[in-house]
Every structure is written in structure tokens, then in C-alpha cells.
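Q: Sequence:
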Amino acid sequence: MKLWDELVWRGSIAQSTDEAALKAELDKGGLSFYVGFDPTAPSLHIGNLAILVVMKRLQLAGHRPIPLVGGATGLVGDPSGRNQERTLNEESVVAGWVERIRNQLAGFLDFETGRNRAVLANNLDWTAPLSALDFLRDIGKHFSVNQMLAKDSVSARLESGGISYTEFSYQVLQAFDYLELFRREGCLLQMGGSDQWGNIVAGVDLIRRVEGKSAHALTIPLIVKSDGNKFGKTASGSVWLDPTMTSSYAFFQFFLNTDDRDIVQLLKSYSFKSREELEALFLEHESNPGARKAHRSLALEVTSYIHGEETALRVEKASKALFGQADLHELDEKTLESAISELPRVEISRSESLIWVDLMARSGVVDSKSAARRVVKEGGAYLNNAKIGDESAELTDADFLYGRIAVMRKGKRDLVAVIRSTD
RNA sequence: GGUGGGUUGCCCGAGCGGCCAAUGGGAGCGGACUGUAAAUCCGCCGGCUCUGCCUUCAGUGGUUCAAAUCCACUACCCACCA
Numbered sequence: 021m022k023l024w025d026e027l028v029w030r031g032s033i034a035q036s037t038d039e040a041a042l043k044a045e046l047d048k049g050g051l052s053f054y055v056g057f058d059p060t061a062p063s064l065h066i067g068n069l070a071i072l073v074v075m076k077r078l079q080l081a082g083h084r085p086i087p088l089v090g091g092a093t094g095l096v097g098d099p100s101g102r103n104q105e106r107t108l109n110e111e112s113v114v115a116g117w118v119e120r121i122r123n124q125l126a127g128f129l130d131f132e133t134g135r136n137r138a139v140l141a142n143n144l145d146w147t148a149p150l151s152a153l154d155f156l157r158d159i160g161k162h163f164s165v166n167q168m169l170a171k172d173s174v175s176a177r178l179e180s181g182g183i184s185y186t187e188f189s190y191q192v193l194q195a196f197d198y199l200e201l202f203r204r205e206g207c208l209l210q211m212g213g214s215d216q217w218g219n220i221v222a223g224v225d226l227i228r229r230v231e232g233k234s235a236h237a238l239t240i241p242l243i244v245k246s247d248g249n250k251f252g253k254t255a256s257g258s259v260w261l262d263p264t265m266t267s268s269y270a271f272f273q274f275f276l277n278t279d280d281r282d283i284v285q286l287l288k289s290y291s292f293k294s295r296e297e298l299e300a301l302f303l304e305h306e307s308n309p310g311a312r313k314a315h316r317s318l319a320l321e322v323t324s325y326i327h328g329e330e331t332a333l334r335v336e337k338a339s340k341a342l343f344g345q346a347d348l349h350e351l352d353e354k355t356l357e358s359a360i361s362e363l364p365r366v367e368i369s370r371s372e373s374l375i376w377v378d379l380m381a382r383s384g385v386v387d388s389k390s391a392a393r394r395v396v397k398e399g400g401a402y403l404n405n406a407k408i409g410d411e412s413a414e415l416t417d418a419d420f421l422y423g424r425i426a427v428m429r430k431g432k433r434d435l436v437a438v439i440r441s442t443d
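First residue of the first sequence: 21, per my numbering; consecutive thereafter.
By construction, these hints were calculated from the structure, which means they are not laboratory data. There may be inaccurate statements among the hints.
Unchecked claim - In silico lysine-lysine, DSSO-like type, Cα no more than 30 Å apart, as pairs:
{"id": "1", "residue 1": "Lys43", "residue 2": "Lys407"}
{"id": "2", "residue 1": "Lys293", "residue 2": "Lys313"}
{"id": "3", "residue 1": "Lys340", "residue 2": "Lys250"}
{"id": "4", "residue 1": "Lys354", "residue 2": "Lys397"}
{"id": "5", "residue 1": "Lys354", "residue 2": "Lys250"}
{"id": "6", "residue 1": "Lys389", "residue 2": "Lys253"}
{"id": "7", "residue 1": "Lys313", "residue 2": "Lys397"}
{"id": "8", "residue 1": "Lys432", "residue 2": "Lys397"}
{"id": "9", "residue 1": "Lys245", "residue 2": "Lys161"}
{"id": "10", "residue 1": "Lys293", "residue 2": "Lys48"}
{"id": "11", "residue 1": "Lys43", "residue 2": "Lys253"}
{"id": "12", "residue 1": "Lys288", "residue 2": "Lys354"}
{"id": "13", "residue 1": "Lys354", "residue 2": "Lys253"}
{"id": "14", "residue 1": "Lys432", "residue 2": "Lys245"}
{"id": "15", "residue 1": "Lys293", "residue 2": "Lys171"}
{"id": "16", "residue 1": "Lys233", "residue 2": "Lys293"}
{"id": "17", "residue 1": "Lys430", "residue 2": "Lys389"}
{"id": "18", "residue 1": "Lys288", "residue 2": "Lys337"}
{"id": "19", "residue 1": "Lys313", "residue 2": "Lys245"}
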């Protein structure tokens, strides 16, 4: 299947400039394209994943990705999709985030092999040396304030309390990035989430004005869950790609717990399996949703390409062991050890309190001891998969498997490992 | 600049001197059903050394035996008029 048709089938296209021309470019191969990521946190999150995957698909089809980390734009703040001014982050902090995000990108795209190996860019490289005067004369001159005001991102903000000159300038900076990459790298396509359409088109316009050439824009749809919420947010916040911020186990579980109604779309968006394979999987899911085969497949694949195959397999095993019917006492030490390795854990010494409620509160899985007590009262408290009914229940020596590990559970799926030091 | 209205628990939103940790809805959590899904139903939903105690109704100070509720000032928001 041709790349464009595949993207259409996967639901990965929201808007684009001249479709026929872009299609032709994509069929030809060797197209340089860029996607910007602003460092607003130390890690990318699941919300960035959809576009990352599309980048990868293009690379696999022979195109050349230029992931750009917004060292400059990250200092200014994108008003798109926000009804409030952002608080500016410290330069040194942003610089640190840029580094971390660079590394994440480097792990996902191929920067090593072939003529279409990815190239990292940082817009600070061309923005920092530019003086304010040069910027105003060379770049600013090409922008009409009337058009800038008409952009959704700006007009929405004018309605809701205003916008600073800083954020108002964002679209100019981003357009300038596209122009620079067009000049430096021959970049002819910028992609992004659908909320980036205005910013991207600003760049296309700038290139046309300054260089007299036409460049392309392509956006992908924002993924929205069936329950109407934005995909990628949980009650406890964003799901990060960095395993130190969202554990591999939590990451895997996030995908495993996908709403049935969303599973088809998520597999289309995030899986690299072929259309044939996916359609077979959809059929299986339809005939036997309880088996959750599609969910497992999605969780395993995504965890695998973000955290590594080895980790993904380990986490999958852990998930199976901990949720299986198997008696925890029957797990051998090594299996148990690896199963709990990704769980939130509480480490205690021999002398510390062993009251279930105390330990649960310490784990952070519940907000307070009162909340932990409530869980016990409501019958959702377990120790090594056995329900406990007494609010003052304490762990005993016998509860520590292999003398040091106990598994507490709250409700159906929140597990906590208690590790007791052996001395 | 003038006048009027508002600021309540994670969010929305009642309460307008004691019966208020504060009605109701949403979110969230637990249980039942099932499949570590959804829908539905039931329960919970400030904290703690938990038959009691402590801290909350923008902030500060005051009136009162008693305040989220009254008064004063401060901050922020909104509406109408200029």
C-alpha cells in the first residue's frame, strides 16, 4: 500500500496543503521533513507519540526526518490550544530539557544508517545569533498583523484575557524555523498535530514570500478517547515516555487498559504491524473481546519500541504473574522478583511499622491514611492477593515471601511491593 | 473613573448567623457484574492518635455565647455605565 493511502487508512491525516503535490512527493521518496517538539517538560509524553510514529513511518518509507527541539520556541511559549499565558521557564532548565528530549528522539528514529538518516535540529542555533533588529527587518517585515490576529490560537486568546507580545510572536518564530530548515536542509514538509496548522502554514507562507517556493504542511488529528477525554492523560497526570517518570509497568498497563471502543484506532495509530495483521487482530478482538488480545498486542508493541523489547517482555510477564490466578506463594523467587521490579515500592527496615494502612499511605497509591482505611472498610484491600478486612491489620513475618517481599493491592489493579531489609 | 455582582472542598455549584466538614452534579475511589474494558447498580469521597479531635468556605481584622453566612479593609474576577 502506498504511504499516503496507508496514512489515510490509519486515520493519521487531518489536513494538508495541496494533496496531489504532496502525495507525489511522498511517492517519490527522499523528502526531508520536520516536526518540532518544544521542551515544556523533561520528557516527551504519549501525546507526542502519534506524530513520532508518523515520522517513523515516513522514515521507513525512505524519507528523511528532521526532529527539531525547540530550544528557542520553548523559551517563548506556544499559545496554541491554551486559554492562558504560559509561565516562562528558566533558560537553564529549558536547556536541560532540550538535552533529555534529544536523547529520547535519538532512541526512536534512525540517526545512523542510510541516506535518509534523521538529523536533529535545535532552533536556538539560528535564533540566538539573530539580533532583534535583524529579526524585525528580515523576518517580521513579511508578516501581516492582520493575518496573525486572525489565527485561532491568537483570536481565542484575545477573547479570553489577552496575550503577551512574547506569545503573539510565537508563530513568527516557528515560521522562521521552517524557512531556515528549508534553506539549510532542503526541508519541504512540516508536520504536527492539528493544533499546529496555523503555525505551520505561517511557515509555508513565509517560504513562498521569501524564496518563492512552495513547501508543504501536514497535520495529524488529535486523538480523542471515546469518553471524550484527551488521550494520554490519567488521573495522576501525563503518561511520559521517560521510564523514570512513568515506569515501564505503568506504561504497559496504560495501554493494556485501553477502552475497547478505542482499541482499533489506537492500534492503527501506534502499531507498525501491517494492515493485514491488524485486520486479523481486529477480527479476533471482535469475536472474543474478553481475551484482550488486541490490548496485549498494543501494550507490548508500544512498550517495546519505547522502552526496549527486553523491558517490554519483562513487564508483560510481570503483569501476567501479578494478575494471574496463580498464588503468589507459588511463584519462584526470580519470577516474583522481576514481577515486582516495576511496581511502586515501599522499603522498610525490620523495626518499622507493618500496619497495612501505614504502608499503603507511604507508597503514595492512596492520598492519606484515611483513604487507605476507607479502602479496607470497602473491601478493596489485599495482602498477597488475600483480602484483609481489619483496618489495623499488620503484616507478619509469614507474609513476607522469601522473607522479604510482600505484595499489597488496592482494588483491582493498584499493586505495591513491600520490601523488607533482611538484616 | 462610576455603580452593582462575585470569590465555597479536585471541578461546577447550593448554602446567606447555630441543626455545616457544609445540599446537588461531575471527576475520582471501593464493591457487585464481566474481561486488569465499557455500561449499569450499590457504597465512599478534608485530615488524624477516629464513638472523639483538628483544619477548611479568597486574605486580614472585627461583631457575637456562636460566622461560610454580619461588618471593615485588602487582593482578584465579572457585569453595566462613562
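Q: Against this structure, judge whether each hint is valid.
A: Results for each hint:
1. Lys43 - Lys407: 59 Å, violated
2. Lys293 - Lys313: 14 Å, holds
3. Lys340 - Lys250: At roughly 28 Å apart (the allowed maximum being 30 Å), lysine 250 and lysine 340 satisfy the hint.
4. Lys354 - Lys397: Roughly 34 Å separates the two Cα atoms, so the pair is violated.
5. Lys354 - Lys250: 38 Å, violated
6. Lys389 - Lys253: Measuring from Cα to Cα gives roughly 26 Å; hence the hint holds.
7. Lys313 - Lys397: 35 Å, violated
8. Lys432 - Lys397: Holds, at roughly 15 Å.
9. Lys245 - Lys161: Between lysine 245 and lysine 161 the Cα gap is close to 42 Å, so the pair fails against 30 Å, i.e. violated.
10. Lys293 - Lys48: Cα-Cα ~23 Å, so holds.
11. Lys43 - Lys253: 33 Å, violated
12. Lys288 - Lys354: With a Cα-Cα distance of about 36 Å, the restraint between lysine 288 and lysine 354 is violated, given a limit of 30 Å.
13. Lys354 - Lys253: 33 Å, violated
14. Lys432 - Lys245: 22 Å, holds
15. Lys293 - Lys171: 38 Å, violated
16. Lys233 - Lys293: With Cα atoms ~36 Å apart, lysine 233 and lysine 293 exceed 30 Å; violated.
17. Lys430 - Lys389: 13 Å, holds
18. Lys288 - Lys337: 25 Å, holds
19. Lys313 - Lys245: Cα-Cα ~20 Å, so holds.
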